[in-house]
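Asker: Sequence:
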Amino acid sequence: MPSLEEELFPSTPGKFKIERANNMNRQVYRCFASTNTMFLWALFLIALTASYLSFQGFVDSGSRYLSASWVGIQWEKQVRTSAQIHRQGGMSVLVTGAAGFVGSHVSLALKRRGDGVVGLDNFNDYYDPSLKKARKALLTTHGVFIVEGDINDAKLLAKLFDVVAFTHVMHLAAQAGVRYAMENPHSYVHSNIAGLVTLLEACKSANPQPAIVWASSSSVYGLNEKVPFSESDQTDRPASLYAATKKAGEEITHTYNHIYGLSITGLRFFTVYGPWGRPDMAYFSFTRNILQGKPITVYRGKNRVDLARDFTYIDDIVKGCVGSLDTAGKSTGSGGKKRGPAPYRIFNLGNTSPVTVPTLVSILERHLKVKAKRNIVDMPGNGDVPFTHANISSARRELGYKPTTDLQTGLKKFVKWYLSYYGYNNGKPVN
Numbered sequence: 001m002p003s004l005e006e007e008l009f010p011s012t013p014g015k016f017k018i019e020r021a022n023n024m025n026r027q028v029y030r031c032f033a034s035t036n037t038m039f040l041w042a043l044f045l046i047a048l049t050a051s052y053l054s055f056q057g058f059v060d061s062g063s064r065y066l067s068a069s070w071v072g073i074q075w076e077k078q079v080r081t082s083a084q085i086h087r088q089g090g091m092s093v094l095v096t097g098a099a100g101f102v103g104s105h106v107s108l109a110l111k112r113r114g115d116g117v118v119g120l121d122n123f124n125d126y127y128d129p130s131l132k133k134a135r136k137a138l139l140t141t142h143g144v145f146i147v148e149g150d151i152n153d154a155k156l157l158a159k160l161f162d163v164v165a166f167t168h169v170m171h172l173a174a175q176a177g178v179r180y181a182m183e184n185p186h187s188y189v190h191s192n193i194a195g196l197v198t199l200l201e202a203c204k205s206a207n208p209q210p211a212i213v214w215a216s217s218s219s220v221y222g223l224n225e226k227v228p229f230s231e232s233d234q235t236d237r238p239a240s241l242y243a244a245t246k247k248a249g250e251e252i253t254h255t256y257n258h259i260y261g262l263s264i265t266g267l268r269f270f271t272v273y274g275p276w277g278r279p280d281m282a283y284f285s286f287t288r289n290i291l292q293g294k295p296i297t298v299y300r301g302k303n304r305v306d307l308a309r310d311f312t313y314i315d316d317i318v319k320g321c322v323g324s325l326d327t328a329g330k331s332t333g334s335g336g337k338k339r340g341p342a343p344y345r346i347f348n349l350g351n352t353s354p355v356t357v358p359t360l361v362s363i364l365e366r367h368l369k370v371k372a373k374r375n376i377v378d379m380p381g382n383g384d385v386p387f388t389h390a391n392i393s394s395a396r397r398e399l400g401y402k403p404t405t406d407l408q409t410g411l412k413k414f415v416k417w418y419l420s421y422y423g424y425n426n427g428k429p430v431n
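Numbering follows my numbering, with no gaps: position 39 of the sequence shown is 39.
Source of the hints: derived by calculation from the structure; they are not laboratory data. Do not rely on the hints blindly, as some may be mistaken.
[As the list claims (entries may be wrong)] Below 25 angstroms or equal to it, Euclidean Cα-Cα: the simulated DSS-like pairs (lysine-lysine) are: (1) K416 <-> K373; (2) K133 <-> K413; (3) K294 <-> K330; (4) K402 <-> K413; (5) K369 <-> K337; (6) K77 <-> K133; (7) K294 <-> K155; (8) K373 <-> K337; (9) K402 <-> K294; (10) K413 <-> K294; (11) K111 <-> K77.
Since the model is a prediction, treat every value here as computed from it, not as a measurement.
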């Protein structure tokens, strides 16, 4: 079965975009120098606050209107058609984050084998949405309908569950990235905690309740120094806000499993890479900068020790996701009422072969046929950890999970996709 990178390559490039918080303008402070000025500014701020609250009310009502506008005969027909099962014993799956890296690959794999798939994605601008739009276009050609909406929209989720009796939910929507949280903490709480709870509320109220598989992260191991990381290891010392939100997600899902009988499977991904990946990931940005002749920053840990990651190829991750869906036990509740204990599982999905970042760069140089300009610097205290290594014995035993793609092979496939998607010929841009 061909994978996503073997599809035709859209020509529209995706460009990584970071929003940086604006610093407080010092001139504002000077405006409060006199009492009269302070009084005038107070009146202004009161008026501004009132205007903001009025605007928020307009936005909220507009949001409700937009949600309502999606719900029509044609919209419902598209959702139902996309959710139709075309194989015996198949499942109907709601995939959140379906236009994302992992979500698009999982959606395509499920659809190709005959499962019903409905996607949900908000197409945010953490990185340029054009890459997500290109993934969506590819999925559309395979019959996957993606609803443009947010997992925090409870009314939209309720409508989706009203239109389709989903047997499973593959929850992959999240605010990703470790360093981005330093400047945008609220985005992580909004997506990874509030969004998760909103989705769980919809699932617990559904009749029948779906089984849920969701993306946790290897980041939950945080400052744990025992390697390889096992599911039973301590996860109470997160090193980043991202890790903390994922750890919170594990506790929250366990609560919903215990109280409402939701079948829950959490997957701790280890540094996923491959074609159609995220532009903020190191291997992706390294490739871009190497081809553009720009220097790359390679971090090192304490005592000049090279950082290492358990890089896991996207096709292997997809097998783990699909295996988790296939083996997920049924939820035992109905309409918010528990009728018995339901499965609660957590698995590591990694490659079990950590590779240092300098080695990653060397492999990219070989495939790109371009030498990198390396800046070696000490790792900043921004939440990154020096080493990850997955113990996958549980996933191997219960899911039949067996990664087969080494970093050399996986990066070769990624580079092939990157050069084609971004319009390179013999290492040089076509345009």
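Asker: Now tell me, hint by hint, if it's right for this structure.
Answerer: Outcome of the hint check:
no.	hint	result
1	K416 <-> K373	holds, 21 angstroms
2	K133 <-> K413	holds, 21 angstroms
3	K294 <-> K330	violated, 51 angstroms
4	K402 <-> K413	holds, 19 angstroms
5	K369 <-> K337	violated, 60 angstroms
6	K77 <-> K133	holds, 22 angstroms
7	K294 <-> K155	violated, 47 angstroms
8	K373 <-> K337	violated, 59 angstroms
9	K402 <-> K294	violated, 37 angstroms
10	K413 <-> K294	holds, 23 angstroms
11	K111 <-> K77	holds, 17 angstroms
When held up to the earlier numbered hints, the structure conflicts with 3, 5, 7, 8 and 9 and fits the remainder.
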